[in-house]
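*Asks:* Each chain is listed here by its residues.
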Amino acid sequence: MNAAATTVRRLPAPVRAVARRLPRFPASIAFATGLNLTLRRKFPAEVLDRLEGHTFAIVVEDAGVELLFRVRGHRFVPVATAAEPVLRFRAVAWDYAALAAREADPDTLFFNRRLLVEGDTEIALLVKNTLDTIDIPRTRGLLKRAMRAVGPAAR
Amino acid sequence: MDQAVAPPAQAVRRMKLVCPAGTPPALRIAVDNGADDVYLGFKDETNARNFAGLNFDDKSLREGIDYAHRHGSQVLVALNTYPQPSTWRKWQAAVDRAADLGVDAIIVADAGLLAYAARTHPGLRLHLSVQGSATSHEAINFYHERFGIKRAVLPRVLSVEQAEKAISRTPVEIEVFGFGSLSIMVEGRCALSSYATGESPNTHGGCSPAKAIRWQQSPRGLESRLGGVLIDRFGEQDHPGYPTLCRGRFVVNGDTYYPFEEPTSLNTLELLPRLQAMGVAAIKIEGRQRSPVYVETVTRVWREALDDCAREPQRFRVKPAWQEALAGISEGHQCTLGAYHRPWK
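Keeping their order, the protein sequence lines are chains A and B.
Positions 1 to 155 (the numbering used here) are the ones given, in order, by the first sequence.
Positions 1001 to 1345 (the numbering used here) are the ones given, in order, by the second sequence.
Just chain A, with the same shape it has in the complex (with noise of 0.2 Å):
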């Protein structure tokens, strides 16, 4: 367990490669509806509340791709610009999803400077803690499966 917080993995140059040329906007729309599918309705209502009308960033930095979204209408909704998002966060793609498989402890990403979080932070900690909250055991599951097969190129 948090093997993430030892450990830079990046995506495989290859895959880096091919990402950097990916364009930005549909990645955001996957983005979106990933979220949508698997935590909108996880998400307390007031905490959708509290995050209306914000813009949120996820840099994935080996990935050279900024994903953008909203919320709006307690949805999650891709935006192609952002001048000033509430929050951006900045990782690579390995640490994002030892993250959200609960096999990396946030704060030490933080403490190691693997994860870096510009923006409001009470709205940072609402998000963080929110997330700390949500069962998505298959989903996390999945994604452990995954982190182990791809494991290996991702050094």
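Quick caveat, the hints were computed from the structure, so don't treat them as lab data.
Misleading hints may appear alongside valid ones.
To be verified - Here are the simulated DSSO-like pairs of lysine-lysine, each with C-alpha atoms no more than 27 Å apart in a straight line:
# : chain 1 : residue 1 : chain 2 : residue 2
1 : A       : Lys42     : B       : Lys1211
2 : B       : Lys1150   : B       : Lys1165
3 : B       : Lys1090   : B       : Lys1211
4 : B       : Lys1059   : A       : Lys42
5 : A       : Lys144    : A       : Lys42
6 : B       : Lys1090   : B       : Lys1059
7 : B       : Lys1165   : A       : Lys42
Stated by the list, open to error - Cβ pair distances, simulated, as ranges:
#  : chain 1 : residue 1 : chain 2 : residue 2 : range
8  : B       : Val1229   : A       : Arg138    : 42 to 48 Å
9  : B       : Glu1270   : A       : Thr81     : 53 to 59 Å
10 : B       : Arg1119   : A       : Arg138    : 46 to 52 Å
11 : B       : Phe1142   : A       : Gly34     : 53 to 59 Å
Stated by the list, open to error - If we take Cβ atoms under 7 Å as the criterion, some of the chain B residues that face chain A in the derived model are:
#  : residue
12 : Asn1050
13 : Ala1052
14 : Gly1053
15 : Leu1054
16 : Cys1190
17 : Leu1192
18 : Ala1210
19 : Lys1211
20 : Ile1213
21 : Arg1290
22 : Ile1329
Given the structure is predicted, the values throughout are model-derived calculations rather than measurements.
C-beta atoms are modelled at their ideal positions from N, C-alpha and C, and glycine is treated no differently.
Put chain B on the given structure of chain A with help from the hints.
*Replies:* Chain B only, in chain A's frame:
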């Protein structure tokens, strides 16, 4: 009150492991990995980890108590901040809620709240919070005589010798901190952060309230600010810690350094045989604000260590794998024995 009291019977038994839970998954993980007690708080300023999205409502607490009891663990509710005259009823209601939900004990700092709990819920077990700042056997015995507290949590400012002296002169179970972020101040009395935030941690439930914190990447490094005050600036190789004033890096007489304490974590694994021999009843793990992954790691390591120590204290050795696991989740990537190793008496 000053004469020696024989150590309580539980002094010779194995020490209990008291683990933090900020969320229901953390509670279940603590229980699954061998916590004897799990401590938590309500979703408001009645506890000292009042952070957005953290803590328990009545439904999740009821389910958590049920889960813990089915697996042989106990649930303790921290009501360890100080009510004010205008907020008294909220704290009073929190005591009633905890009692009605069937918690195994409440952890309280305020004498008025202890008096209310003892009077209104005589069957409810009371623990004195570290926020109560009882640093001597006289203070602990006062709370015992007046309110019938069964356990007291010692502040992290005592040396081993001081803790041993307190334990030997009180019939109250003593709980000490074993691992986690370190407070160097006298807990429950420290108002340092209020100078930057306008809020006291002892009444609002947060040492560095999130709304006052700002992280910003500047050309000179990653900066953390609390209420606009620059707490620290981290270079590429630095490991940031939680932005609290007592762990800030400041310019003092032209030198830039940590005048109070560097970001660091307490880790007392190597002291376990001594703590057990002294009659410590329970070891507390800090970190209700941390993730289920942290709770899993720290509970698993400390369960194994406490079991090893109880089995053969003379042969107890700290395993490198334990230290490695704990160092990986520690704030500041440094561990210390804190005040336990201080020479002061």
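*Asks:* Now look at each hint and say whether the structure bears it out.
*Replies:* Structure-based check of all given hints:
1. Distance check on the hinted pair: Lys42/A and Lys1211/B sit about 25 Å apart at the alpha-carbon level, within 27 Å; holds.
2. About 18 Å separates the Cα atoms of Lys1150/B and Lys1165/B, which keeps this hinted pair within 27 Å; it holds.
3. Taking the CA atoms of Lys1090/B and Lys1211/B, the gap is about 23 Å. The hint holds against a cut of 27 Å.
4. For the suggested pair Lys1059/B and Lys42/A, the alpha carbons sit about 16 Å apart, so the restraint of at most 27 Å is met.
5. For the given pair, Lys144/A sits about 20 Å from Lys42/A by alpha-carbon distance, which is consistent with the 27 Å threshold.
6. With a C-alpha separation of about 18 Å, the suggested pairing of Lys1090/B with Lys1059/B holds against the 27 Å cut-off.
7. For the hint linking Lys1165/B to Lys42/A, the alpha-carbon distance of about 50 Å lies beyond 27 Å, and the restraint is violated.
8. The beta-carbon spacing between Val1229/B and Arg138/A, approximately 45 Å, falls within the hinted interval of 42 to 48 Å.
9. Checked against the hint of 53 to 59 Å, the C-beta distance between Glu1270/B and Thr81/A comes to roughly 54 Å, which is consistent with it.
10. Take Arg1119/B and Arg138/A: their Cβ atoms lie about 49 Å apart, and the range 46 to 52 Å holds.
11. Against the hinted window of 53 to 59 Å, the Cβ-Cβ separation of Phe1142/B and Gly34/A comes to about 57 Å, which satisfies the hint.
12. Interface restraint check: Asn1050/B against chain A, minimum CB-CB distance 11 Å, threshold 7 Å, status violated.
13. At a threshold of 7 Å, the smallest CB-CB gap from Ala1052/B to chain A is about 4 Å, leaving the interface hint in force.
14. With its C-beta approaching chain A no nearer than about 3 Å, Gly1053/B sits inside the 7 Å limit, and its interface hint holds.
15. Residue-level restraint check for Leu1054/B holds (minimum Cβ-Cβ distance to chain A is 5 Å; threshold 7 Å).
16. Hint status for Cys1190/B relative to chain A: violated, with the closest Cβ pair at about 21 Å, above 7 Å.
17. The interface hint given for Leu1192/B is violated, since its Cβ lies 19 Å from the closest Cβ of chain A, which is over the 7 Å cut-off.
18. The criterion of a C-beta within 7 Å of any C-beta in chain A is met by Ala1210/B, whose closest approach is roughly 4 Å, and the hint holds.
19. Nearest Cβ of chain A to the Cβ of Lys1211/B: about 5 Å, under the 7 Å cut. The hint holds.
20. The criterion of a C-beta within 7 Å of any C-beta in chain A is met by Ile1213/B, whose closest approach is roughly 4 Å, and the hint holds.
21. Taken as an interface hint, Arg1290/B checks out: its beta carbon lies about 6 Å from the nearest beta carbon of chain A, inside 7 Å.
22. Nearest Cβ of chain A to the Cβ of Ile1329/B: about 5 Å, under the 7 Å cut. The hint holds.
In summary, the numbered hints that this structure violates are 7, 12, 16, 17.
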